[in-house]
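Protein chains: 4
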Amino acid sequence: MPQDMTCLPPPELPQDLQISVLGPAKIPSDLRCGRFIPDDARIYVYVDPSQVPGGGPNPTLEMAGPRERIYFDPTKTRCAIVTCGGLCPGINDVIRAIVLEAHHNYKVSSVLGIRYGLEGFIEDYGHTPLELTPQTVANIHEFGGTILGSSRGPQSVERIVDFLERRNISCLFVIGGDGTMRAASRIVEEVNARKVKIAVIGIPKTIDNDINFVSQTFGFDTAVGKATGAIRCAHVEALGAPFGIGLVKVMGRESGFIAAQSALALRDVDFVLVPEDPFEIHGERGFLAALTRRLRRRGHAVVVVAEGAGQKHLQATGEKDPSGNVRLGDIAGLLMAEIAAHMKNEGIDHTLKYIDPSYMVRSVPANSNDCIYCGFLGQNAVHAAMAGKTAMVVSKWNGYYVHMPLTLVTQGRKKIDVCSNYWRSVLESTGQHVYFGG
Amino acid sequence: MPQDMTCLPPPELPQDLQISVLGPAKIPSDLRCGRFIPDDARIYVYVDPSQVPGGGPNPTLEMAGPRERIYFDPTKTRCAIVTCGGLCPGINDVIRAIVLEAHHNYKVSSVLGIRYGLEGFIEDYGHTPLELTPQTVANIHEFGGTILGSSRGPQSVERIVDFLERRNISCLFVIGGDGTMRAASRIVEEVNARKVKIAVIGIPKTIDNDINFVSQTFGFDTAVGKATGAIRCAHVEALGAPFGIGLVKVMGRESGFIAAQSALALRDVDFVLVPEDPFEIHGERGFLAALTRRLRRRGHAVVVVAEGAGQKHLQATGEKDPSGNVRLGDIAGLLMAEIAAHMKNEGIDHTLKYIDPSYMVRSVPANSNDCIYCGFLGQNAVHAAMAGKTAMVVSKWNGYYVHMPLTLVTQGRKKIDVCSNYWRSVLESTGQHVYFGG
Amino acid sequence: MPQDMTCLPPPELPQDLQISVLGPAKIPSDLRCGRFIPDDARIYVYVDPSQVPGGGPNPTLEMAGPRERIYFDPTKTRCAIVTCGGLCPGINDVIRAIVLEAHHNYKVSSVLGIRYGLEGFIEDYGHTPLELTPQTVANIHEFGGTILGSSRGPQSVERIVDFLERRNISCLFVIGGDGTMRAASRIVEEVNARKVKIAVIGIPKTIDNDINFVSQTFGFDTAVGKATGAIRCAHVEALGAPFGIGLVKVMGRESGFIAAQSALALRDVDFVLVPEDPFEIHGERGFLAALTRRLRRRGHAVVVVAEGAGQKHLQATGEKDPSGNVRLGDIAGLLMAEIAAHMKNEGIDHTLKYIDPSYMVRSVPANSNDCIYCGFLGQNAVHAAMAGKTAMVVSKWNGYYVHMPLTLVTQGRKKIDVCSNYWRSVLESTGQHVYFGG
Amino acid sequence: MPQDMTCLPPPELPQDLQISVLGPAKIPSDLRCGRFIPDDARIYVYVDPSQVPGGGPNPTLEMAGPRERIYFDPTKTRCAIVTCGGLCPGINDVIRAIVLEAHHNYKVSSVLGIRYGLEGFIEDYGHTPLELTPQTVANIHEFGGTILGSSRGPQSVERIVDFLERRNISCLFVIGGDGTMRAASRIVEEVNARKVKIAVIGIPKTIDNDINFVSQTFGFDTAVGKATGAIRCAHVEALGAPFGIGLVKVMGRESGFIAAQSALALRDVDFVLVPEDPFEIHGERGFLAALTRRLRRRGHAVVVVAEGAGQKHLQATGEKDPSGNVRLGDIAGLLMAEIAAHMKNEGIDHTLKYIDPSYMVRSVPANSNDCIYCGFLGQNAVHAAMAGKTAMVVSKWNGYYVHMPLTLVTQGRKKIDVCSNYWRSVLESTGQHVYFGG
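Protein chains in written order, with this note's numbering: chain A, 182 to 619; chain U, 182 to 619; chain L, 182 to 619; chain P, 182 to 619.
Errors might be hidden in some of the hints.
Any copy will do: because identical chains look the same in the list, a pair fits if it lies in one copy or spans two.
[Said to hold, decoys possible] Using 25 Å as the maximum straight-line C-alpha spacing, the simulated DMTMM-like pairs for lysine to aspartate or glutamate come out as follows:
#1 K376 <-> E346
#2 K501 <-> D537
#3 K493 <-> D458
#4 K257 <-> D305
#5 K493 <-> E371
#6 K376 <-> E519
#7 K207 <-> E527
FYI, nobody ran anything at the bench for these hints, they're computed from the structure.
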């Protein structure tokens with residue numbers, strides 16, 4: 182994990198980080214330049230020797246890239262792409278990279294775009310798949326979202342594999358979050374049970390950057406850039422009134438990376454509240470007292486809160502969304518009410534401006550950094566599938582593109598390590614430790 | 182009024198469009214180039230002959246610009262600037278232009294920046310004024326908001342004029358909305374009653390573009406650009422899910438110009454709801470039925486609603502904000518609840534994404550178009566004040582910078598004329614007339 | 182002409198500002214809302230009474246907009262669009278607006294997109310026209326340039342009209358500069374000579390904003406925004422070195438509007454050199470002496486030069502480009518050489534950074550302001566053509582969309598009036614009059 | 182090195198990667214949160230086991246971060262910052278981070294900003310240093326460039342150290358390129374010879390991203406984003422004319438990273454020419470033949486050329502700039518002349534549009550990604566200096582902030598490895614290998 186976004190120590194590594202294959206690769210690749218990556222090329226998991234568990238050897242991950250021999254005969258290979266869950270900058274870039282790589286460099290016979298997530302596999306919904314060609318994807322990277330559409334929630338694994346068999350799909354590319362990766366695992370199980378030869382490759386996607394063993398998820402950098410813009414506005418509003426408070430809510434259900442990272446980008450934020458670092462609202466060391474001191478000293482304050490922060494102060498809603506996620510309580514609403522009451526008591530005639538950039542951080546086109554990243558993810562996904570790899574995801578780790586077992590990314594959630602120097606830097610940039618007494 | 186933003190016919194013009202002066206101007210200006218504007222230079226109010234009332238002569242407005250003779254001796258002139266009400270892109274540009282013009286071209290002795298709106302005149306608040314020099318304003322145009330801070334609500338007119346007398350201010354520049362312009366009028370009355378020589382010049386500011394006899398308020402163009410970005414995101418989100426609905430709320434308490442204009446900029450919007458054009462929610466010709474038809478036909482829909490639209494469907498809150506404006510009911514919340522219930526009835530498994538760009542459309546720096554506009558407003562305000570004009574605002578009308586009596590801009594509110602070709606163009610761009618049957 | 186971009190007094194108006202028509206309009210329009218514009222609705226040419234020539238009546242121009250009766254039967258109407266000359270932000274927006282208006286509101290049978298300018302009419306080039314539908318133009322406004330492609334230079338008028346007849350085109354929309362408008366005039370003559378009924382409507386396009394009787398050409402605002410960004414970089418570079426000079430060249434062959442306007446937008450520029458205001462390079466009142474004084478006083482300087490400025494100091498190249506424009510001498514190169522020699526003489530160890538944003542100001546998508554403008558231009562062009570108007574252009578004048586005879590816009594070139602308050606404001610913002618002694 | 186920007190294998194590592202210290206650190210730090218980094222914390226140099234030279238142990242680098250004991254007594258510590266060489270996005274962010282960290286977290290007594298690079302140390306130039314406080318740096322990150330100014334070329338090392346002694350500076354922070362890092366080494370030697378206790382910390386800066394053992398230099402990501410915008414314009418221009426060619430020149434004297442990376446970001450580029458991969462202009466496998474084939478097949482082409490590419494085709498200029506770099510030949514000019522001649526021969530009536538974004542890619546403010554990066558670089562530089570480290574640079578390697586001996590980064594230049602998968606990806610994205618036959 183990069184030091185500038187340190188997170189909780191990775192969960193204990195499973196013993197086996199080997200990638201499953203459908204069978205021996207035999208067909209020679211036809212790469213025109215560059216070099217093939219040998220199948221035994223691997224990179225170290227840990228860069229910091231002190232993190233290697235138990236003094237044992239440094240575990241390794243399989244390096245991604247084109248293989249000298251491939252498993253599928255391109256002329257007979259049909260691929261499919263499906264995009265699931267919430268939007269994220271760069272999905273179209275991944276789709277485009279898969280299509281261009283599959284068509285131009287492997288010359289596969291077809292790439293099918295499944296509409297509206299897993300629904301698109303189920304005929305009853307009536308979502309006709311799209312045939313994706315270099316022509317149809319030529320300009321899609323200039324647009325946010327996904328040209329395939331998306332949806333949430335599970336569908337029958339049997340019917341999904343029925344679809345794949347009926348359409349003669351050899352390689353399935355699944356772009357989605359951890360729920361989707363679990364669905365991909367179940368598809369693998371069904372594929373194995375039927376003894377059919379279908380490679381299933383995941384490309385993990387989450388705007389919250391909370392996927393284990395993925396240094397930074399694609400689109401996250403773009404989202405931080407947009408969140409930073411919202412915070413800049415909140416800062417301007419806070420400066421614009423006596424005792425002005427700018428309150429910004431950003432995405433981050435269980436991991437506050439967007440909040441933390443955008444606070445670091447601007448360094449004009451006074452409080453960052455994230456799910457990983459619980460805080461009190463009342464009392465001497467509570468948020469309201471700290472905010473009051475800050476207002477009295479500087480005349481204004483900017484507060485950034487991740488949507489999942491401070492949930493202990495809210496009654497559990499009990500509701501779930503279609504993806505099965507618990508609906509979060511409204512922390513921003515609570516803070517506004519508490520601030521209003523507290524400031525009235527304190528006799529501070531404050532002005533609070535609330536900004537929720539919501540979907541505006543995720544529906545935009547990817548910035549150039551994410552474009553490049555998504556391009557490599559898509560290309561490497563095709564290399565992996567064509568080589569007959571399956572039940573794996575493409576990821577970037579320690580600066581290298583790697584193959585990881587699907588199970589690795591779904592066994593936990595990446596969070597901010599509140600004891601890390603990363604979080605310390607955030608606290609230093611806000612100065613909130615002085616107030617919270619942390 | 183420009184045809185691409187036609188509004189209700191202007192209220193009947195008062196008989197006297199003459200500008201008050203403090204006395205005869207005597208001191209020669211010292212312009213190094215260009216030409217002076219003669220004091221009797223005027224432009225026509227109406228460009229469309231059919232709008233001239235009663236077949237009479239076309240009324241005229243005084244042209245703004247530098248005068249050959251000025252009233253105040255620059256070396257003894259002290260100016261003050263105050264910014265009131267909500268933020269708007271370009272306030273800092275106006276401040277900067279006033280300071281640069283006053284210092285560089287008239288060489289006045291001082292420009293004072295009043296902090297936090299009218300509060301800054303009242304000593305009890307403890308807001309010390311800033312001395313504004315070309316140095317202090319050098320970079321402020323790169324930032325949104327107002328470096329002076331702002332506040333809402335009235336203050337004692339007597340104490341304001343006390344301040345002006347005590348500080349020996351000759352020219353007061355007031356940047357604010359219609360409430361502020363009414364306060365400026367009362368300051369003029371008090372100034373007149375005391376028989377002191379203080380020029381009071383208003384620069385009308387409103388993000389809603391709802392000021393009479395101002396073709397387009399400064400900052401509005403920037404705000405529309407930002408609102409367009411929010412709508413683009415809503416469009417992406419709507420396309421990203423089966424039966425996806427993107428709902429965007431934008432500013433516009435009584436006039437829906439931001440909603441209408443940004444819909445025209447993108448032309449991917451399906452419904453624009455504004456205060457000026459009442460709509461039904463239920464029934465065959467209601468919004469829900471129209472939305473349902475649109476969803477069934479196109480699979481997705483984008484709805485833009487001005488905050489003040491559809492208030493008849495909401496219980497009056499009775500509350501008022503510090504500026505005295507009635508707190509609006511939550512039309513977006515109502516629409517979301519109604520849509521959820523209706524779609525459930527219709528058996529449409531929709532996905533609604535709500536975006537409220539809120540202050541993000543107004544706290545940003547001005548775009549180049551607004552920068553230029555604000556620069557001219559500030560310069561012309563100084564020209565007017567130095568010439569001894571008072572009780573007036575600087576505005577742009579028919580492409581010319583003009584002087585208007587303060588009373589002219591406060592006697593009503595500019596609104597979209599729903600019978601105009603402007604509104605027809607909006608309706609054509611959305612196609613909602615087909616559905617509403619309008 | 183708007184006061185904030187005053188230009189030379191318009192050339193003497195021709196006596197006849199009436200618009201030609203193909204014949205009486207008979208078929209009723211089918212507008213669903215809004216109101217029709219009566220055929221005799223006109224607006225005043227002059228807003229400033231002092232500009233009306235000879236004390237006569239204020240001349241008027243025909244107002245654009247939908248007519249109650251139209252000339253062409255939509256179901257039998259085939260349209261064609263052609264884009265000529267250099268790129269400009271917003272061309273795709275105009276195309277899209279024409280296609281959407283023609284299809285959705287008039288339901289014409291076909292809109293043909295001619296490829297690569299006038300070449301597209303000549304079969305030998307092999308450019309197959311595109312059939313344009315709402316589907317094909319859905320996203321084109323998100324891209325700069327023209328989806329049709331463009332080219333420069335004339336083609337046989339006979340063969341163009343042959344094409345129109347063969348393809349059964351009733352309405353031809355020509356988007357281009359003054360050369361193109363002259364070509365459109367010749368097409369009209371040939372059409373008239375053949376006594377066929379084809380409406381020819383021009384939409385004037387020029388990045389230099391130099392078309393007579395067009396307040397501001399579409400795309401100009403976007404270009405100024407981009408040029409401003411380049412100047413901001415030059416300012417940063419100039420500040421970054423001892424005696425730093427930032428030199429920016431922008432478009433502007435005969436009219437320096439981009440240079441002047443972007444200097445006003447940023448107000449951090451020290452010298453603006455435009456074709457309209459000749460300057461000396463050497464001597465006490467020359468550019469080099471002024472630059473040296475500025476450098477000595479402020480330590481840095483920013484110079485913006487329009488490509489057509491100072492041509493008297495350069496040997497005529499004698500060459501012409503494919504549009505027949507004389508190739509300009511390299512003023513930026515000359516200035517750099519002269520500055521280097523002069524500073525060496527003066528013993529100033531300067532650092533000069535040269536920035537030429539070139540095509541980057543014109544190949545970008547239109548900003549929201551230009552999007553709206555282009556949308557209205559396209560719609561009004563369709564209204565005019567369907568009503569049987571011909572030999573005219575759609576323009577915006579005094580805030581109104583109007584019809585003007587084709588001949589009006591081609592009889593001269595709009596330039597900055599160096600005696601105007603507009604140019605004075607530029608000079609005040611740079612302070613160069615103090616140095617040039619102007 | 183990250184796999185998505187693979188470069189030539191690092192030069193053989195010197196045996197000693199230990200960091201010099203001024204003496205034992207004894208004063209306890211006063212960090213309020215987070216954890217200290219032990220002085221023996223190190224990270225592996227190689228992530229790919231196959232790169233470890235000679236089967237030996239994986240060499241390690243010292244981890245950056247706050248130390249439990251520091252060397253300098255903050256209350257008596259005076260720091261100085263100097264910025265040298267060309268501009269780069271993020272310099273102001275690094276300055277701001279150093280000032281905020283030194284003031285807020287260590288409470289040093291003073292931070293001095295040296296004006297205009299090494300010139301600022303030499304009194305004869307008359308550049309008075311700036312006292313930098315949290316107040317003076319509050320908003321500087323919103324601006325490109327360096328608030329300190331910069332200059333090129335060497336100055337007397339003796340006089341520099343004289344300055345440091347006279348001003349009682351304990352910690353010197355040097356932001357600059359490889360020439361500057363060599364100057365820093367010489368300053369260290371002089372400091373050592375005088376046996377004074379001054380920590381010298383380098384923060385490597387180069388827009389070309391060509392510094393050894395720095396994964397990616399700060400500002401590079403921002404520059405790529407801007408270069409991508411220029412290429413997008415070239416693509417639009419190329420599409421806009423029959424046989425349209427868009428030619429873009431970007432920075433990259435000896436390393437073509439900006440060219441390669443921005444081509445990957447957009448993936449609409451047809452040819453990328455970099456210094457590392459020589460090419461022929463003429464002949465069957467030459468650039469002109471390849472370009473012609475591409476034009477014939479696709480009708481347009483986009484060419485991106487790094488300024489240092491193809492120098493073998495140009496006569497050596499022999500000239501040097503003030504930094505001692507050889508002035509490069511004008512490859513873009515050569516290509517344009519050659520293309521014009523060749524296309525005339527081939528009978529292709531092409532249109533070439535040339536775009537040189539030049540300084541516009543480097544004078545802009547840092548994007549959020551670079552802001553965060555620069556913030557950490559500045560903070561870690563202060564941690565290192567306060568701990569008494571010297572003769573080192575702060576860098577990021579394998580995702581960790583590390584200390585490296587100054588000598589390590591100056592012993593060679595990072596270049597694109599043309600045998601790498603990174604370059605292969607570029608070639609695949611352009612398809613030029615098919616044409617060049619590479």
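Looking back at the numbered hints, which does the structure fail to meet, lowest number first? 4, 5, 6, 7
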